[in-house]
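Protein sequence lines, in the order shown, are assigned to chains G and F.
Our numbering applies: residue 1 is where the first sequence begins, and numbers increase by one.
Our numbering applies: residue 1 is where the second sequence begins, and numbers increase by one.
None of these hints come from the bench; they were simulated from the model.
Ideal placement from N, C-alpha and C gives every residue a C-beta, glycine not left out.
Check the hints yourself; a few may be wrong.
[Stated by the list, open to error] Derived, one-sided and incomplete: chain F residues facing chain G with beta-carbon distance under 7 Å:
1) A11
2) Q49
3) L52
4) P60
5) R62
6) Q74
7) I83
[Said to hold, decoys possible] Computed footprint of chain F on chain G; a stretch qualifies when at least three of its residues, placed anywhere within it, have a C-beta under 8 Å from a C-beta of chain F:
8) 162 to 170
9) 483 to 492
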Amino acid sequence: MSGAATGFKRADATSLPLPRFRAPAVFGVLGLVFAGLLGRALYLQWVDNDFLQEKGAARFSREIELPAHRGRVVDRFGDVLAVSTPMKSLWTFSDKFDASPAELAALARVLETTPQKLAARVSANEDFAVLAKQIPPEQAARAMALKIKGLNEQNEYRRYYPGGEVAAQVVGFTGDKDAGQEGIELAQQSWLAGQVGSRRVIINRRGDAVEDVAAIRAPQAGRDLALSIDSRLQYVAYRELKAAVERFSARAGGVVVIDTKTGEILALANLPTYNPNARNKVARERMRNRALTDVFEPGSTMKPFTIATALETGKVRPDSMIHTEVGALTIGPNTIHDAHPAGPLTVEQVIQKSSNVGAAKIALSMPAETLWHAFSDAGFGTPPRTGFPGEVAGRLRPAKTWKPIEQATMSYGHGLSVNLVQLARAYTIFATDGELKPVTLFKTDGPVAGRPVVSPQTARAVRKMLEMATQPGGTAPKAQVPGYRVAGKTGTARKLEGRVYTSKYVASFVGFAPASNPRLVVAVMLDEPSGGAYYGGDVAGPVFSNVTGAALRMLGVPTDAPVDNVILPPPGSEIREET
Amino acid sequence: MTRSSLILLGALVACALSLVTSRHDARRLFVELEREQARARQFDTEYGQLQLEQSTWGMPARVEKIARENLRMQLPPAARVEIVDTTAKGTP
Numbered sequence: 001m002s003g004a005a006t007g008f009k010r011a012d013a014t015s016l017p018l019p020r021f022r023a024p025a026v027f028g029v030l031g032l033v034f035a036g037l038l039g040r041a042l043y044l045q046w047v048d049n050d051f052l053q054e055k056g057a058a059r060f061s062r063e064i065e066l067p068a069h070r071g072r073v074v075d076r077f078g079d080v081l082a083v084s085t086p087m088k089s090l091w092t093f094s095d096k097f098d099a100s101p102a103e104l105a106a107l108a109r110v111l112e113t114t115p116q117k118l119a120a121r122v123s124a125n126e127d128f129a130v131l132a133k134q135i136p137p138e139q140a141a142r143a144m145a146l147k148i149k150g151l152n153e154q155n156e157y158r159r160y161y162p163g164g165e166v167a168a169q170v171v172g173f174t175g176d177k178d179a180g181q182e183g184i185e186l187a188q189q190s191w192l193a194g195q196v197g198s199r200r201v202i203i204n205r206r207g208d209a210v211e212d213v214a215a216i217r218a219p220q221a222g223r224d225l226a227l228s229i230d231s232r233l234q235y236v237a238y239r240e241l242k243a244a245v246e247r248f249s250a251r252a253g254g255v256v257v258i259d260t261k262t263g264e265i266l267a268l269a270n271l272p273t274y275n276p277n278a279r280n281k282v283a284r285e286r287m288r289n290r291a292l293t294d295v296f297e298p299g300s301t302m303k304p305f306t307i308a309t310a311l312e313t314g315k316v317r318p319d320s321m322i323h324t325e326v327g328a329l330t331i332g333p334n335t336i337h338d339a340h341p342a343g344p345l346t347v348e349q350v351i352q353k354s355s356n357v358g359a360a361k362i363a364l365s366m367p368a369e370t371l372w373h374a375f376s377d378a379g380f381g382t383p384p385r386t387g388f389p390g391e392v393a394g395r396l397r398p399a400k401t402w403k404p405i406e407q408a409t410m411s412y413g414h415g416l417s418v419n420l421v422q423l424a425r426a427y428t429i430f431a432t433d434g435e436l437k438p439v440t441l442f443k444t445d446g447p448v449a450g451r452p453v454v455s456p457q458t459a460r461a462v463r464k465m466l467e468m469a470t471q472p473g474g475t476a477p478k479a480q481v482p483g484y485r486v487a488g489k490t491g492t493a494r495k496l497e498g499r500v501y502t503s504k505y506v507a508s509f510v511g512f513a514p515a516s517n518p519r520l521v522v523a524v525m526l527d528e529p530s531g532g533a534y535y536g537g538d539v540a541g542p543v544f545s546n547v548t549g550a551a552l553r554m555l556g557v558p559t560d561a562p563v564d565n566v567i568l569p570p571p572g573s574e575i576r577e578e579t
Numbered sequence: 001m002t003r004s005s006l007i008l009l010g011a012l013v014a015c016a017l018s019l020v021t022s023r024h025d026a027r028r029l030f031v032e033l034e035r036e037q038a039r040a041r042q043f044d045t046e047y048g049q050l051q052l053e054q055s056t057w058g059m060p061a062r063v064e065k066i067a068r069e070n071l072r073m074q075l076p077p078a079a080r081v082e083i084v085d086t087t088a089k090g091t092p
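Throw the hints in and build the complete structure from the sequences for me.
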């Protein structure tokens, strides 16, 4: 049967004539199709290759970002001042967000808010909505576990400042993306910031990485930064400053503590202050590190530099008599007054009793150039270079422009301006044997050499005068510390507003202790104290006493006086300094 | 001829199989490495949080408050302080 059928077909095929163009037509069509395919293949292989490779790679490999956290800021003992911890933010594309009312309610429970508020947040923006900003990773994990469509999470870091407002102006803070915005956080951005790394991996069906494919760019974690600050001293300085600012209703204030051996700033407190952990509505001016970025006319705290210069040039000796006249000195049209004239004074007593006339007379016995050089060598008119952003140089005009009256007023600290750190640094000259120490906000190892400015003899002589100023008969008996000999100088300066001296004051005290072998320089400044007292000795002196006493105890500095050494003058016989 | 071919074939199969096993091992170890690295990151995070916690508990302001209020501690007045000079001669 099959044979017959085949035979029939064959016979049929040979007998039927083929149309003449059928074979070439079929070949032609097939050839065209092949040519088309070949062309397409060539096109994909060469021309469109990159795009396809990319698409292909996306199917099985993935770029993973490797987070790098920002370095910590720590104090000199390694206690944390600023630390970053990972946080998550939840966000969504508004049109992709698709949650049932039940899911929304569950999400609201996890995020501790109400469904209404969440819905409002989603619809507030047309394309992009943040549902929760910087929440703990565990909370984010619970939110993501609800598997709500369109809900995404993002890794972020949040910076915490455990010290809060105590050292806020020094440490500063970071802004968006964990980048430094103020203070040390800003100045040391490149040191602290981490470098995000990345790696390309092959993923399996479940999305787990199974193999590294390309070279890994390792993440660089930010480096830790140790400041010179001693948290305990910083706290004491802040606490005492705060108490004084509140007691005297001062507008602002600052305290600086410097180690005389190393030039490290152990404490730097400012008021008003702010909490860097919650700074949404904080005025810019509270963020300013006034001790470094604001200047004031120092007043009588400048007198020791005038006297030291005179001692250096040999114009006077510590026991030379200065005739302070009747408490007035007329220079051209101007007259300098001592409100509490005391007759002839020795050079030592000029410092002890803070006589303006005495300081002016000594200053006028020297060329302006000499005085300018001495002030400039003491670091006035140049920024203290602590490594803090925005520190100012203060104002010290060139000697050529000084009029005699200006030379006289500058000798007691008017007509020039300084910042508090500069002033504290300048006092390292008397706290050491005449060396100006470089000051820093960063931890250093061991003592650093200073720049010799005055001779050891002069430094010791001025140190003795400054110690006299804190004893009965001086302007600052309230600066005394039980168990330690202290030395220092008060300043009570009228404030210059516009070109007029007002009846507002800046009260200050700069000193060091123990006087027998100074270890710390402490500078205190209160801006516009009111409520009766405004003398440096009454307002800033007690702050100095409390801070210095606590600091020396904490540092374990041996006492150099009996503990009952504090002798206060009887009421009514206090020595008032000139303003 | 046939024998040597058979030996080579056997060697080839053995190599191929060992490649498969080592490849599998590599993947398994890699996954393990991944997991450990994730753990390391997590510990790092935890370390940061613990540090934060430590410095929050140890804040001088808090320590002082507890010392003064709960433990009723205070600085001794000068009259109750005696300083022992260890450098002086004659002291034990």
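Checked hints:
Annotation: interface hint on F:A11 violated; nearest CB of chain G at approximately 27 Å, more than 7 Å. For F:Q49, the suggested interface contact is upheld, since its CB lies about 5 Å from the closest CB of chain G, less than 7 Å. Annotation: F:L52 was flagged as interfacial toward chain G, and the flag holds, the nearest CB pair being 5 Å apart, inside 7 Å. At about 4 Å, the closest approach between the beta carbon of F:P60 and any beta carbon in chain G falls short of 7 Å, and the interface hint on this residue holds.
Look at F:R62: its Cβ only gets to about 10 Å from chain G, farther than 7 Å, so that hint breaks. With a least beta-carbon distance of about 13 Å to chain G, the hint placing F:Q74 at the interface is violated under the 7 Å criterion. The interface hint given for F:I83 holds, since its Cβ lies 5 Å from the closest Cβ of chain G, which is under the 7 Å cut-off. Here's how the region 162 to 170 of chain G fares: 4 of its residues keep a CB closer than 8 Å to some CB of chain F, so the rule of at least three is met and the hint holds.
Note: the region 483 to 492 of chain G has 1 residues with beta-carbon separation from chain F under 8 Å; the three-residue rule is not met and the coverage is violated.
The structure does not agree with the numbered hints 1, 5, 6 and 9 stated previously, though it agrees with the rest.
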